[in-house]
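Going down the list, the protein sequences come from chains L and Y.
By the count of numbering that gives the first Met the number 0, the first sequence reaches residue 206 at its end, each step adding exactly one.
By the count of numbering that gives the first Met the number 0, the second sequence reaches residue 206 at its end, each step adding exactly one.
Calculated from the structure, these hints are not laboratory results.
Among the hints, a few may not be true.
Repeated chains share a single entry, so a pair holds when one copy, or any two copies, can fit it.
To be verified - No farther apart than 30 Å at their CA atoms in a straight line, the calculated lysine-lysine pairs in the DSSO-like style are these:
| # | residue 1 | residue 2 |
| --- | --- | --- |
| 1 | Lys141 | Lys60 |
| 2 | Lys24 | Lys60 |
| 3 | Lys135 | Lys203 |
| 4 | Lys24 | Lys141 |
| 5 | Lys24 | Lys142 |
| 6 | Lys118 | Lys6 |
| 7 | Lys135 | Lys24 |
| 8 | Lys65 | Lys24 |
| 9 | Lys60 | Lys203 |
Model, not experiment: these values are computed from the prediction.
Here is how the chains run, residue by residue.
2 protein chains.
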Amino acid sequence: MSTLPDKTVERLSQYRRNLLICDAKGKEHIFSHEIANIHHITPVQVRRDIMLIGYTGTLRKGYNVKELVALIGEILDKPEGQNVAIIGAGNLGRALMKYFKNRREKLSVVAAFDNNPEKIGTIYANVEVFPISQLKQIISDKKISIAIISVPVDNAAAIADSLVEAGIKGILNFSPRPVNVPEHIYLEEYDMITSLEKVAYFAKNKN
Amino acid sequence: MSTLPDKTVERLSQYRRNLLICDAKGKEHIFSHEIANIHHITPVQVRRDIMLIGYTGTLRKGYNVKELVALIGEILDKPEGQNVAIIGAGNLGRALMKYFKNRREKLSVVAAFDNNPEKIGTIYANVEVFPISQLKQIISDKKISIAIISVPVDNAAAIADSLVEAGIKGILNFSPRPVNVPEHIYLEEYDMITSLEKVAYFAKNKN
DNA sequence: TTATCTTTGTTTTATTAATAACAACATAAA
DNA sequence: TTTATGTTGTTATTAATAAAACAAAGATAA
Chain L
0 MSTLPDKTVE RLSQYRRNLL ICDAKGKEHI FSHEIANIHH ITPVQVRRDI
50 MLIGYTGTLR KGYNVKELVA LIGEILDKPE GQNVAIIGAG NLGRALMKYF
100 KNRREKLSVV AAFDNNPEKI GTIYANVEVF PISQLKQIIS DKKISIAIIS
150 VPVDNAAAIA DSLVEAGIKG ILNFSPRPVN VPEHIYLEEY DMITSLEKVA
200 YFAKNKN
Chain Y
0 MSTLPDKTVE RLSQYRRNLL ICDAKGKEHI FSHEIANIHH ITPVQVRRDI
50 MLIGYTGTLR KGYNVKELVA LIGEILDKPE GQNVAIIGAG NLGRALMKYF
100 KNRREKLSVV AAFDNNPEKI GTIYANVEVF PISQLKQIIS DKKISIAIIS
150 VPVDNAAAIA DSLVEAGIKG ILNFSPRPVN VPEHIYLEEY DMITSLEKVA
200 YFAKNKN
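Make a model of the complete structure from these sequences and hints.
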């Protein structure tokens, strides 16, 4: 499977989340327009995404929920799983730990890091907090390939450098300043302030 | 000014953030390629965005930092300011309160809401926590036009309904299930799980 | 049996966003 | 004075994304 479009990957993740809920409710089949309604998009978009991953529904019943979930899993997940570290155990870091706890079988938060001595050694949502000085060691020991940066903005750049050095493969940066990483590392930046300012801008002119 | 492209609005918010840092450092002028480097985009993109808001730099010195910040403010901000409420004072909610504290003159978090009796009446990052039962009253009293949803996923839909009823103009939803709001309200959804799964997908095949 | 309805899968078109190309201009250097 | 350099502002092109259009197929009902 050649790499899928960015936006399709995002939507597949979202489809799966809600398909799992449908499955838990005992729903066996689902139509493209039902999926579309949940996500505020068009049914065509849904069918196109599903086409791209090579799944085929049945004409009268739509898509088999379990099968579709399984196939999205094959596409998105790495069979042997991926381990995640959260750098920064402040409010945001802890929110993330709770969020991701037992969320996905193939994606586990296995360590957190912080500089605050009071936090080191504590366990939150099953995740132990280590000192940042041990970053490289533990990333290697625990075979961590993905990191989430949730430290204050002034520390983000240094953390990113350490992560690169430690051999991380993907970074999700929540700090509001972009970080620099080499080409071979996948970097996703998300900035809450920008999201809020965007809402403010578009809400400004609403009657 | 007709409405700007989505992505341009996002970038303007980011430009401003970093221009303010430049200004604080005493930097008076900045070139498009300097801005571009910070944000990992092309100088053309920067110039195009700046063109769209009608600002003009000088040929040899680039853009005047203070002037550009002021103009972005005129574009993004509402002159009389906008008030924000955060619904859900858990880890994520508190992270947001801290994040936005004194961040923008024209965008102030003026109330938080939660159902937990222990949290009600407490003040975090200068923001008081009110019971959700008072949502409508306080949104009206404090002239709040923007809300951030950071409650557990099962409560998000009901909160969204209340917010709509309370006359909110824009919503930023951090819960992982999309909410339904009428057309006349601006809705931005952001889902951390999707971001992480996206990083995992694209990092998966890195060597 | 035939017609109708509904839904999928896929191609075509439209929209949005990013990039490239380049003229205009000011400064500095020759 | 003339040429070279580097930057902006803007138009043109390309790429990415979403939407529309529609054929195919199977179920249902007439």
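Now the hints, each set against the structure:
1. Lys141 x Lys60: Neither: 44 Å inside a copy, 50 Å across copies.
2. Lys24 x Lys60: Only inside one copy: lysine 24 and lysine 60 sit 17 Å apart there, 63 Å across copies, limit 30 Å.
3. Lys135 x Lys203: between (46 Å within a copy, 20 Å between copies)
4. Lys24 x Lys141: Cα proximity of lysine 24 and lysine 141: none, with 36 Å in one copy and 41 Å across.
5. Lys24 x Lys142: neither (35 Å within a copy, 40 Å between copies)
6. Lys118 x Lys6: neither (37 Å within a copy, 38 Å between copies)
7. Lys135 x Lys24: Answer is neither: 43 Å inside a copy and 33 Å across each miss the 30 Å cutoff.
8. Lys65 x Lys24: within (12 Å within a copy, 56 Å between copies)
9. Lys60 x Lys203: Intra 44 Å, inter 33 Å, cutoff 30 Å: neither.
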